[in-house]
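> Generate coordinates for the entire structure from the input sequences, incorporating the hints supplied.
Sequence order for the protein chains is X and G. Here the first sequence stands for residues 1 to 223, where the numbers follow the working numbering. Here the second sequence stands for residues 1 to 121, where the numbers follow the working numbering.
No lab work stands behind these hints: they were computed from the structure. Quick caveat: nothing in here was measured; it's all calculated off a predicted structure. Watch out, some of these pointers could steer you wrong.
Just the calculated beta-carbon pair ranges, DEER-fashion [unchecked claim]: (1) E223(X) / K94(G): 45 to 53 Å; (2) A124(X) / N75(G): 48 to 56 Å; (3) L159(X) / E112(G): 43 to 51 Å; (4) K107(G) / N153(X): 21 to 29 Å; (5) N113(G) / A81(X): 43 to 51 Å; (6) N28(X) / E37(G): 35 to 43 Å; (7) H116(G) / Q168(X): 56 to 64 Å.
Note that the Cβ used here is the ideal one computed from N, Cα and C, for glycine as well.
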Amino acid sequence: MYCTNTVSFKSVNKTITMSIPPYTEDQNDALQEVVNIAMGQAGDSLARILGNFVALSVPRIRLVTVEDVIKTVTDMVDNNAKISAVRQAFSNSLRGEAIVVFAQAGADDLADLMGYDTDLDRSAEQELLLEVGNLLVGAVITGISETLKTDLNFSAPSLMAERTPLDQVLVPEQLSWSHALLMEVNFTVESRDFNCHLLMFMAEEAIDTLRSILDEFIDRIQE
Amino acid sequence: MAVPVTVVDDSKISRKMVIRALPPQWNIELTQAENGEEALAACRDGKAEVMFLDLTMPVMDGYQVLEQLQKEQFNTFVVVISADIQPKAQERVKKLGAIAFIKKPVKTLDIENVLHEYGIV
Numbered sequence: 001m002y003c004t005n006t007v008s009f010k011s012v013n014k015t016i017t018m019s020i021p022p023y024t025e026d027q028n029d030a031l032q033e034v035v036n037i038a039m040g041q042a043g044d045s046l047a048r049i050l051g052n053f054v055a056l057s058v059p060r061i062r063l064v065t066v067e068d069v070i071k072t073v074t075d076m077v078d079n080n081a082k083i084s085a086v087r088q089a090f091s092n093s094l095r096g097e098a099i100v101v102f103a104q105a106g107a108d109d110l111a112d113l114m115g116y117d118t119d120l121d122r123s124a125e126q127e128l129l130l131e132v133g134n135l136l137v138g139a140v141i142t143g144i145s146e147t148l149k150t151d152l153n154f155s156a157p158s159l160m161a162e163r164t165p166l167d168q169v170l171v172p173e174q175l176s177w178s179h180a181l182l183m184e185v186n187f188t189v190e191s192r193d194f195n196c197h198l199l200m201f202m203a204e205e206a207i208d209t210l211r212s213i214l215d216e217f218i219d220r221i222q223e
Numbered sequence: 001m002a003v004p005v006t007v008v009d010d011s012k013i014s015r016k017m018v019i020r021a022l023p024p025q026w027n028i029e030l031t032q033a034e035n036g037e038e039a040l041a042a043c044r045d046g047k048a049e050v051m052f053l054d055l056t057m058p059v060m061d062g063y064q065v066l067e068q069l070q071k072e073q074f075n076t077f078v079v080v081i082s083a084d085i086q087p088k089a090q091e092r093v094k095k096l097g098a099i100a101f102i103k104k105p106v107k108t109l110d111i112e113n114v115l116h117e118y119g120i121v
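Spelled out as structure tokens, the structure:
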């Protein structure tokens, strides 16, 4: 989705305004529930490695256009300061990208929470961000895959940004989609000021594929 | 006699998943509630000898329902069914009087085990 060779979203001619039919009420309800379940599993994994209770926000699901993605994400993350971010692509039945955004304070606190020396050098800190990003994304992708009974794989994590303003991390000109489905949840360790966001983006093609996967999921429950 | 059972979840699909997972031979009178207030209303109407309760809901969440049930001294068997599966969430609802905590997506076996344990089925 960003300028990289690891992610290959179908490129979209941005001069053509694509219209994405909205999901039905049942599809939205099912998607919200599936994302709740998957994010809950990710929160549990995080709580286990941090040894702390992790408060989870109610997942937010939005259809965004490339023009408003930065505003939407900035509002969600509520942090115009510098962030660090880890990203992973997922593929197979659904293609997309997951990004874990750490508020800088969160990244600093992570080492302490995990019982490491707090004066980590840069490469140790990077490793920690990658580890936590991978843990969250792995849990969420596995949760979605198991709940929807659909095959999903995910790539190794890569560091997308370190102490960078959010608007320099998400650059519309570098995105290869015009519409994407954005799913977001916020993980907070209240006692420790730790906060990170998991964002998942699926572009046009995946939005349609997900529609039929959700219908199959709903049909299995109606039976 | 049919057991009054209330399934509480703001998500329709989630309520369906719970209802589908109830033991087929269990003779129940089913009520559905979309939030905590509706759940409490069902209790006051005698429609919830057993309640399957989600935690994250608008209007009134599952934790608030448990607190209110304790205050009003209902003898409802409350089984919490939640996507937030952290051990501390489990501890918290047990302290608030829930008999069991089942993780989403719910499985028939998980529900049957709890119902057997408490001699409900």
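> Could you work out which earlier hints the structure fails to respect and list their numbers in ascending sequence?
1 and 6
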